[in-house]
Structures are given as structure tokens and as C-alpha cells.
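When you get a sec, could you build the whole thing from the sequences and use the hints?
Spelled out from the first residue to the last, the chains are:
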Amino acid sequence: MDNYEACRYTRSMGDTTADKLTIHITGGASPEKIGAGELGTLLQALEQSVTAIAQRDDPDTSSETKFALLSIDAGSVKLAFSIPSSYSPSISLLCSRFASGDISDLPEKCRRAVMSLGKWCRDRSFTIDWLLGETWIGSISPALDFRFEAAPQLRGSAALVGTIRTVGGEKPSFRLRLSGGDLLACSCGEDLARQAGKYLYRRVSVEGFARNNMLTAEIASFEATAIALAERKLGAAFDSIRERFGSAFDAVDVDRFMSQVRGE
Amino acid sequence: MAELVLLDTMICIWAFKSEATPGQEDKIRQAQAFITSLDEEGVEVGISAVTLCELMVALSDENRLEGGSARDSARQVVKADCQIAGTAISCGASVLYTEDAQLLKMAAPFISTKPMPPIGQQELEL
Chain A
1 MDNYEACRYT RSMGDTTADK LTIHITGGAS PEKIGAGELG TLLQALEQSV TAIAQRDDPD
61 TSSETKFALL SIDAGSVKLA FSIPSSYSPS ISLLCSRFAS GDISDLPEKC RRAVMSLGKW
121 CRDRSFTIDW LLGETWIGSI SPALDFRFEA APQLRGSAAL VGTIRTVGGE KPSFRLRLSG
181 GDLLACSCGE DLARQAGKYL YRRVSVEGFA RNNMLTAEIA SFEATAIALA ERKLGAAFDS
241 IRERFGSAFD AVDVDRFMSQ VRGE
Chain B
1001 MAELVLLDTM ICIWAFKSEA TPGQEDKIRQ AQAFITSLDE EGVEVGISAV TLCELMVALS
1061 DENRLEGGSA RDSARQVVKA DCQIAGTAIS CGASVLYTED AQLLKMAAPF ISTKPMPPIG
1121 QQELEL
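Each protein sequence line maps, in turn, to chains A and B. Going by the numbering used here, the first residue of the first sequence is number 1, and it counts up by one from there. Going by the numbering used here, the first residue of the second sequence is number 1001, and it counts up by one from there.
Everything labelled a hint here was simulated from the structure, so no lab data went into it. No experiment lies behind these values; they were computed from the predicted model shown. Ideal Cβ placement from N, Cα and C applies to all residues, glycine included. Watch out, some of these pointers could steer you wrong.
Pairwise CB distance ranges, derived in the manner of DEER restraints [to be verified]:
1) ALA1108/B <-> GLY168/A: 40 to 46 Å
2) ALA18/A <-> GLU1041/B: 36 to 42 Å
3) ASP250/A <-> LYS1079/B: 25 to 31 Å
4) GLY246/A <-> GLU1041/B: 20 to 26 Å
5) LYS198/A <-> ALA1108/B: 30 to 36 Å
6) ALA1049/B <-> LYS33/A: 41 to 47 Å
7) GLU1041/B <-> ALA143/A: 55 to 61 Å
EDC-like mimics (lysine to aspartate or glutamate), calculated; alpha carbons at most 16 Å apart, straight line [claimed, not checked]:
8) LYS20/A <-> GLU134/A
9) LYS119/A <-> GLU134/A
10) LYS109/A <-> ASP57/A
11) LYS109/A <-> GLU218/A
12) LYS78/A <-> ASP145/A
13) LYS233/A <-> GLU1041/B
14) LYS171/A <-> ASP102/A
15) LYS233/A <-> GLU1025/B
16) LYS233/A <-> ASP1039/B
This is the structure we're talking about:
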């Protein structure tokens, strides 16, 4: 078990302790050169870059967890945050990609955030040093050119089943908790968003168009076109299939069939 | 979030049947009672794409495979077993239920893998 795996294991054991993450902006940065709004955008990207990895690796990671600002030092360009210890492996993984700049294996949300951090450093000729505890773990320098190989995507109609967890936003959308635990953002029209609001916390089936990453089969985006309640009726579903196709299945000798299709 | 379990092909076919192949009568009762118990427990149930394909093959007249031959058997088994176990793991299933002895053995180190519980013990097993 390497360090990253060990940390993930610790997270899965319900670790609730905190670590310290320090961000030090160097290269001539000073408060008058960084506006408050710009700093806000920067910190948002910083948080997003880490939480996207944490949520990918552990679907139970709360989207409410935030970095807590502990201190501002060294001319207001050294900021220390208290972070859940469970985030440390995500930070280590992220910083390990700074050496090469290849972020192909990181989640899309993380890549977007990292690209914006990289652009900010390039535009300003600043460097962002990352320290976990007191240990330097990586830097985003102006020379660093982040890149990733965008996987080809396949668009097709799809139907998903899950529970609506949140609805709304500037653009009409809702978030669906899928059976496997993933939280999927679904774009939709305003009418459908209103309908999703009525079904908040209910189990629904959603029809629409999905863009799947062809390498990982992950859903990169989902555009919903219809929602219906999907109260679970497992027994009824099996009864329905038995009623319609039971006679065809009756003709199947299970042991022989399995032996033939799987070659056992 | 409800627990998710994955059902393998044999269990689905037995649950869909109404007439048993001689000697497999108990399996139908067991599978149907198992589905009922899963329903009552509120467990999420999934099947893999491999199982979906196999069910469609089972329904297809020309693929009833009477007297068919095993094709490149070792390779087919490895592919199907890995795909089903991989689906269960990647979907976050807590248990893979299968009556396939080879799949039981192969998947066990990676995910909780069990045969259908006997009738009467199904609630206990869940």
C-alpha cells in the first residue's frame, strides 16, 4: 500500500482530524497587486482543485466541507488553511502532477480549476508554493504548462435512476445521486428544473443525452429531457418480465445455457 | 443511500422462470423468494451489461444454443467473470450474488461474493 492508498484507507475509516495546508504566493506578489475579487476566485479554484479529487475518490465526501482560513502571513501572500485530514491524499496527488504538468488522470472539475490557477500564475509571473503541514509538496510556477489529453466522448440517449439531491442555480440544473453513490450534475430546461424541484429527495428516472468518456465510460455531462418518479417496485418488475417472457425463459436449461455462453 | 447488490445471470433466469427444468425446481422458488426479500429490504439491485446480454441471448430463438459448442472457453470465462466483478466493484455494489462457482472463486478476493441465501435465511443474510 503506497502513501496515497494508505491515506485513502485512513479516510475510509472515518478520519475526522485536520491538517494544515499553506499556500505561499511568491514572485513579487503583494496585497496591492491582488484584488479581493481576484483572491476570491483564486481560493475558489484552489478549493475546487482538491475537493474534485476527494469527491471522485470517496463519493461520501461532503460537498459542504470547506477549507478554513487559519492565518495570513508574510505580506498577506501566505495563507494557511485547516483542512480535513481526509483531503491530504488528494492534495498530495494533485501536487505530484505539478512536476510534469500532465493532469490527464485528474477529474474534469479539478483540471478546470488547475488550468485557471496555472493561467493566473503565468499572467502574473507568480508562483504558488503548496505546503502540507510544514513540508513543501509542490509549486505552480509561471513556466508550468498544464496539459491533458481530452478523452474522446460519445453522445447518446441514456436513462438514469437516482435521487434528486439539489435543484437550481443560475442555469437550470439538478444533481442526481446515482445508485453507485456518484453525484451527477444534470443540465435541463427551466420547466424540467421546476419539475425536479417537486421531486426533491425522491427517487426518479431521468431520460436525456449523456456524453461518456470513451476511455473510462464515465458520464462527462448529462442533459436531461424528462423526469418521472421511479418508486422502487423490484418484485413487480420481475413479475412483469416473467409474465411477458417467462415462457421463453422456461425453455432455458440454466446450467446448460451458462455452460454454453461462458464456455464453462 | 440504499445498499446496492449485483445479481448474476443464473439468478435472474431462475427468477424469470415459471416452469423449472427437471431437478431445478428449488432454484426457482429460492430465486423468487430472494427477489422478494431484496424488495422488502429496500436494497438497490443491479445487473451487469454482461448479464443483460446473456439474458437477451437466452431469449433469442436462434441463440438457444442447443448443442452449441463452447467457444474458446477459458478466454470467454475470464472475460465474463472479470467484466461482471468489475461492474460490481465500479458501481459500488456491496455484494455480488452469483451461482457460478468459478465467478464466486474469482471475485471473492475483490468483493463480497455470495450464492443466493437459502429460503428462510434470506433476511438474515442481507
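Failing hints, ascending?
5, 6, 9, 12, 14 and 15
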